[in-house]
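If you read the sequences in order, they're chains A and B.
Using my numbering, read the first sequence as starting at 1 and increasing by one per residue.
Using my numbering, read the second sequence as starting at 1 and increasing by one per residue.
Rather than coming from a laboratory, the hints here were simulated on the basis of the structure.
Ideal placement from N, C-alpha and C gives every residue a C-beta, glycine not left out.
Be a bit skeptical, because a hint or two may be false.
[What the hints assert, rightly or not] What follows is a set of in silico ranges between Cβ atoms, one per label pair, in the way DEER data are often shown: (1) B/Asn132 x A/Glu357: 52 to 58 Å; (2) B/Lys6 x A/Asp514: 37 to 43 Å; (3) A/Tyr598 x B/Asn132: 40 to 46 Å; (4) B/Asp12 x A/Gln424: 27 to 33 Å; (5) B/Lys6 x A/Gln424: 24 to 30 Å.
[Unchecked claim] Dumping the calculated BS3-like pairs for lysine-lysine here, alpha-carbon to alpha-carbon at most 25 Å: (6) A/Lys134 x A/Lys74; (7) A/Lys547 x B/Lys114; (8) B/Lys28 x A/Lys547; (9) A/Lys431 x B/Lys95; (10) B/Lys81 x A/Lys434; (11) A/Lys81 x A/Lys116; (12) A/Lys469 x B/Lys102; (13) B/Lys102 x A/Lys465; (14) B/Lys121 x A/Lys434; (15) A/Lys434 x B/Lys95; (16) A/Lys465 x B/Lys3; (17) A/Lys469 x B/Lys94; (18) B/Lys114 x A/Lys489; (19) B/Lys94 x A/Lys489; (20) A/Lys347 x A/Lys363; (21) A/Lys489 x B/Lys28; (22) B/Lys114 x B/Lys81; (23) B/Lys124 x A/Lys471; (24) B/Lys28 x A/Lys471; (25) A/Lys510 x B/Lys95; (26) B/Lys95 x A/Lys549; (27) A/Lys547 x A/Lys567; (28) B/Lys28 x A/Lys465; (29) A/Lys510 x B/Lys94; (30) B/Lys94 x A/Lys431; (31) A/Lys129 x A/Lys116; (32) B/Lys95 x A/Lys469; (33) B/Lys72 x A/Lys549; (34) A/Lys434 x B/Lys102; (35) A/Lys292 x A/Lys250; (36) B/Lys121 x A/Lys465; (37) B/Lys124 x A/Lys434; (38) A/Lys549 x A/Lys651; (39) A/Lys431 x A/Lys384.
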Amino acid sequence: MSVNQTEILERALKREKAARKAAEKILEEKSRELYLTSQRLEELLDEKSSQLEGIFENILDAYVVIDLKGDFIKFNEAATKLFGYDITRDKINVTHLIHKEDYQYAMSSFLDLQTKGFFKDYEARVYTKSKEVKWVHINGSIVFDKNKKPIAAQGIVRDITAQKASAEKLIESENRLASLIVNLDSGIVLEDENRNIVLTNNKFCELFGIDANPKDLVGMDCVAASERNKVLFKDPEGFLNRMRAIDLEKKVVIGDELEMVDGKILERNYMPIIIGEKSKGFLWTFTDVTLKRTYRKSLEAQKQKYYNIIANMNLGMVELNNNDQILMVNQSFEEMSGYTEAEVIGKNARTLFSSKEGAGLLKEEREKRKKGESNSYEFEAICKKGKRRYWLVSGAPNYNLDGEIIGSIGIHLDVTETKNLEFQKEKLLEKLEKSNDELQEYAHIVSHDLKSPLRSIDALVSWLKEDNKGKLDAVSLQNFGLIETTLEKMEQLITDVLNYSSVGAETSKKEDVDIETMFNDLIKILYIPEHIIIKKCNVLPVIKGDKTKLQQVFQNLISNSVKFIDKDDGNIIIDVEDLKSHYKFSIQDNGIGIDKKYHDKIFKIFHSLKKSKDSSGIGLSIVKKIVNLHEGEIWLDSEPNVGTTFYFTLKK
Amino acid sequence: MVKKLKILLIEDDMIEIMKLNRTISRLKLDHTIVEANNGEEALEVLEQKDNLPDIILLDLNMPKINGIEFLKILKADDVLKYIPTIILSTSNNKKDLLECYKTGVAGYVIKPLKYEDYVSKIEKLLAYWSVNELIVV
């Protein structure tokens, strides 16, 4: 190889080297440029995608993407929050979320999505992960690739649970309102500008006798209807004219009264309904006030009736307030008291009518009224001109509508006459008691005065005998003896009279007397001759009475029997029989008997049938008196020479 | 020792006075009887404070001042109230009896019908008071 050749080759190589170096440099620059560009592009891309990402992540509504099988492939933060699922971990299919009641609706919406490529305003319920039910609003669309092939579906999901709930509440309250209106106790009609019915209710139909559902009346012309309904009113033309006038005025009318043919009275109100400048119609209301009106009328009539009674009754009536001030009196009270109503109104009843002694009583009575007690009492009133009268007052508290005591009402009856009679009776009783006492006293004095001479005679006779001892013959001595016996008899008589007058004069207290014991004790002290046997058939009862007096009864009757038994074998039989309110005792003997004609006489004072030393004839009259004192009777059965049975009853 | 009593008898009935006197002489008792026919007379007798009776026998039934009234006058007196006063009465009226004992009597004797009974009662009464210690004023 030549040098030239080598040189040429070497030079060429050098050039080549240099060129390559330059090319490399350019390449290097270009590649640097390229790098920078791509670097910038990448940054741009990143920027864009993160921008987009930010939009999805940051929109308030949930954003979801599902693949064609319905599996979720993307949830934004709001979606994760809404559904509670983390789809990076949970594999969730859209069907899991659909509320079972909305399934049909969901399926039809999916169909829309497939055919039209989107759906809008889908509102349905979904389940969250915690099985909570939420209302959601979804707009969805299909996602296509560059070949227009569907690869996924995306959706914006908005939580409308709260909104839905308030909407439901609104409907509910609207329903309530509607049902309230329908069932209102007043008939209402809401009509529009053209007087067509917008709303009415049951009561309206009832009041006007319309046999229809209120809903069916909507749209009906009120003018025509009222033409038909006018016959229901007592004054049909008046009804129509007034209605027209109100309609023309379009101003609130309250409290018109309409009398209906059937006697009902309706109160009619009218008011335009304006909501913010805009007329919403006109409301008529009809209320049945018949009861209220008739109630007021009957109340009025009742009031009048009672007013008449009060005004015309013969009893004085006074109404007082809590301070005893007179609020009202009736005419009778005016007559009773001598004051006119004008003179007493506002005056204190207590100071006006009561004496000093009576004031305390009235105060007491006032306290009773304050406690709500009613009662009656007697009161000595000082009338006009100082006349004193006795009033029987029936007082009762007076209440207001709230049940508070606001005073009292007193009905007064003048009982002065009765009271005077009562006083008179008391005086008479007192006098009677006194004269009884005096009589008793008198009996004692008389018996004392009668007995004194007897004593003196006895002393004188004794002295005559004593001073003439041995000088008197037998006949004289016998006569002296007779004087003494007569004196004794006389004294006994006086004693008996005194005893008789004493029975019943002393007010002895009644106690339980065991007749059985008393009788047994009595038998021991009485003189019973040996030929007489006393038999007792029953146990004698316990009686309420005076023991001494009851004993006197038995003693007298048994002594009588003993005295008058003339048979060799005397029998006295005591028995008792239980009557309802009394006991009937019997004392039977086999003595001389008593003739029928004397049966009444023997109980009268001084009617002894057989005068004897120890019989003054007062015994049986005392017995009768005692029996009568014990609310009993005494009678007898007797046959001369066979015997006598005395019967007497004593109250239990 | 049997005391000799000075007895004031207040009695309006003459025979009753005779009865007491005769009884005392019949029983041979040595008592002195001062007679007063009514309360006023008796009060006059009782004026002599240095010669007061040991006991008083008082009839309830007297004119003018009656027995109970007289008794009350007696009991109201600071000195005379100490003289034992025995009622002699026909009345066994409970009211009188109660009233007498309430006012303050030393005894209450009913005058019996029979003279013999009277003698026996008076004998016992005087025997009782003649053995009693009495306040000497």
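Outcome of the hint check:
1. B/Asn132 x A/Glu357: 52 to 58 Å: holds, 57 Å
2. B/Lys6 x A/Asp514: 37 to 43 Å: At 53 Å between Cβs, range violated.
3. A/Tyr598 x B/Asn132: 40 to 46 Å: Given range 40 to 46 Å: violated, Cβ gap about 57 Å.
4. B/Asp12 x A/Gln424: 27 to 33 Å: Check failed, 42 Å falls outside 27 to 33 Å.
5. B/Lys6 x A/Gln424: 24 to 30 Å: Hint violated: Cβ distance 57 Å, outside 24 to 30 Å.
6. A/Lys134 x A/Lys74: holds, 20 Å
7. A/Lys547 x B/Lys114: violated, 31 Å
8. B/Lys28 x A/Lys547: With Cα atoms ~46 Å apart, B/Lys28 and A/Lys547 exceed 25 Å; violated.
9. A/Lys431 x B/Lys95: OK: A/Lys431 and B/Lys95 at ~20 Å, within 25 Å.
10. B/Lys81 x A/Lys434: Roughly 32 Å separates the two Cα atoms, so the pair is violated.
11. A/Lys81 x A/Lys116: violated, 30 Å
12. A/Lys469 x B/Lys102: violated, 45 Å
13. B/Lys102 x A/Lys465: Measuring from Cα to Cα gives roughly 41 Å; hence the hint is violated.
14. B/Lys121 x A/Lys434: Measuring from Cα to Cα gives roughly 36 Å; hence the hint is violated.
15. A/Lys434 x B/Lys95: Given pair A/Lys434, B/Lys95 holds - Cα atoms ~15 Å apart, limit 25 Å.
16. A/Lys465 x B/Lys3: violated, 32 Å
17. A/Lys469 x B/Lys94: violated, 40 Å
18. B/Lys114 x A/Lys489: holds, 12 Å
19. B/Lys94 x A/Lys489: With a Cα-Cα distance of about 23 Å, the restraint between B/Lys94 and A/Lys489 holds, given a limit of 25 Å.
20. A/Lys347 x A/Lys363: Satisfied, since the Cα-Cα distance of roughly 16 Å is no more than 25 Å.
21. A/Lys489 x B/Lys28: The given pair, whose Cα atoms are some 32 Å apart, is violated under the 25 Å limit.
22. B/Lys114 x B/Lys81: The given pair, whose Cα atoms are some 32 Å apart, is violated under the 25 Å limit.
23. B/Lys124 x A/Lys471: Roughly 31 Å separates the two Cα atoms, so the pair is violated.
24. B/Lys28 x A/Lys471: holds, 24 Å
25. A/Lys510 x B/Lys95: holds, 20 Å
26. B/Lys95 x A/Lys549: At roughly 19 Å apart (the allowed maximum being 25 Å), A/Lys549 and B/Lys95 satisfy the hint.
27. A/Lys547 x A/Lys567: violated, 32 Å
28. B/Lys28 x A/Lys465: Answer holds: B/Lys28 to A/Lys465 is near 19 Å, not above 25 Å.
29. A/Lys510 x B/Lys94: holds, 19 Å
30. B/Lys94 x A/Lys431: Holds, at roughly 22 Å.
31. A/Lys129 x A/Lys116: violated, 30 Å
32. B/Lys95 x A/Lys469: violated, 42 Å
33. B/Lys72 x A/Lys549: violated, 34 Å
34. A/Lys434 x B/Lys102: Holds, at roughly 22 Å.
35. A/Lys292 x A/Lys250: violated, 28 Å
36. B/Lys121 x A/Lys465: holds, 20 Å
37. B/Lys124 x A/Lys434: The hint is violated at about 39 Å.
38. A/Lys549 x A/Lys651: holds, 14 Å
39. A/Lys431 x A/Lys384: violated, 34 Å
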